[in-house]
Amino acid sequence: MQREPRHSWVKFDDERGFNDEPAFVDLDEAARRMNLSKAAVMELVRIHALRCTVAAGELLVEPAILHGAVTTPSK
Numbered sequence: 001m002q003r004e005p006r007h008s009w010v011k012f013d014d015e016r017g018f019n020d021e022p023a024f025v026d027l028d029e030a031a032r033r034m035n036l037s038k039a040a041v042m043e044l045v046r047i048h049a050l051r052c053t054v055a056a057g058e059l060l061v062e063p064a065i066l067h068g069a070v071t072t073p074s075k
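To convert, note that position 24 of the sequence shown is 24 in this note's numbering; the numbers rise steadily by one, no gaps.
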C-alpha cells in the first residue's frame, strides 16, 4: 500500500523502483522510526547527536540508529 506524502515535494517511489524518501523527516516520524519520545529526539538534536534542518517552517530531523550496532569482539 502506497503512503501519501506529508508534503507535496516528497516523492516516495519513482518509476525506476527506487525509494526516494527523504533522509530528513518531521519530529513525529523521527520519534516513531527511532522508537523514542519526541522529547528524547529533541534532546539528541540539542546536543548535536542528530542532524536537523528547518524547511517550510518545520523542524526536520535525520533519524539514526543509536544502539544495537554490531561490534567485533576484543581479543
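FYI, nobody ran anything at the bench for these hints, they're computed from the structure.
Because the structure is a prediction, the values reported are computed rather than measured.
Just so you know, not all the hints are guaranteed correct.
Stated by the list, open to error - Derived SDA-like pairs (lysine to any residue); straight-line CA-CA distance at most 20 Å: (1) LYS38 - ILE65; (2) LYS38 - THR53; (3) LYS38 - GLU62; (4) LYS38 - GLU58; (5) LYS38 - LEU27; (6) LYS38 - LEU60; (7) LYS38 - LEU50; (8) LYS38 - PRO63; (9) LYS38 - ALA55; (10) LYS38 - HIS48; (11) LYS38 - ASP28; (12) LYS38 - LEU59; (13) LYS38 - VAL25; (14) LYS38 - GLY57; (15) LYS38 - PHE24; (16) LYS38 - ALA49; (17) LYS38 - ASP26; (18) LYS38 - ALA64; (19) LYS38 - VAL54; (20) LYS38 - ALA23; (21) LYS38 - CYS52; (22) LYS38 - ARG51.
Tested hints:
1. LYS38 - ILE65: holds (16 Å)
2. LYS38 - THR53: Given that 20 Å is the threshold and the Cα spacing comes to 16 Å, the pair holds.
3. LYS38 - GLU62: holds (13 Å)
4. LYS38 - GLU58: Holds - the C-alpha atoms of GLU58 and LYS38 are around 14 Å apart, at most 20 Å.
5. LYS38 - LEU27: holds (7 Å)
6. LYS38 - LEU60: Holds - the C-alpha atoms of LEU60 and LYS38 are around 12 Å apart, at most 20 Å.
7. LYS38 - LEU50: Answer holds: LYS38 to LEU50 is near 13 Å, not above 20 Å.
8. LYS38 - PRO63: holds (12 Å)
9. LYS38 - ALA55: holds (18 Å)
10. LYS38 - HIS48: holds (15 Å)
11. LYS38 - ASP28: holds (7 Å)
12. LYS38 - LEU59: This hinted pair holds, its Cα atoms lying about 12 Å apart.
13. LYS38 - VAL25: OK: LYS38 and VAL25 at ~13 Å, within 20 Å.
14. LYS38 - GLY57: holds (18 Å)
15. LYS38 - PHE24: holds (15 Å)
16. LYS38 - ALA49: With Cα atoms ~14 Å apart, LYS38 and ALA49 stay inside 20 Å; holds.
17. LYS38 - ASP26: holds (10 Å)
18. LYS38 - ALA64: holds (14 Å)
19. LYS38 - VAL54: holds (16 Å)
20. LYS38 - ALA23: holds (18 Å)
21. LYS38 - CYS52: Satisfied, since the Cα-Cα distance of roughly 14 Å is no more than 20 Å.
22. LYS38 - ARG51: Holds, at roughly 15 Å.
Checked against the numbered hints above, the structure breaks none of them.
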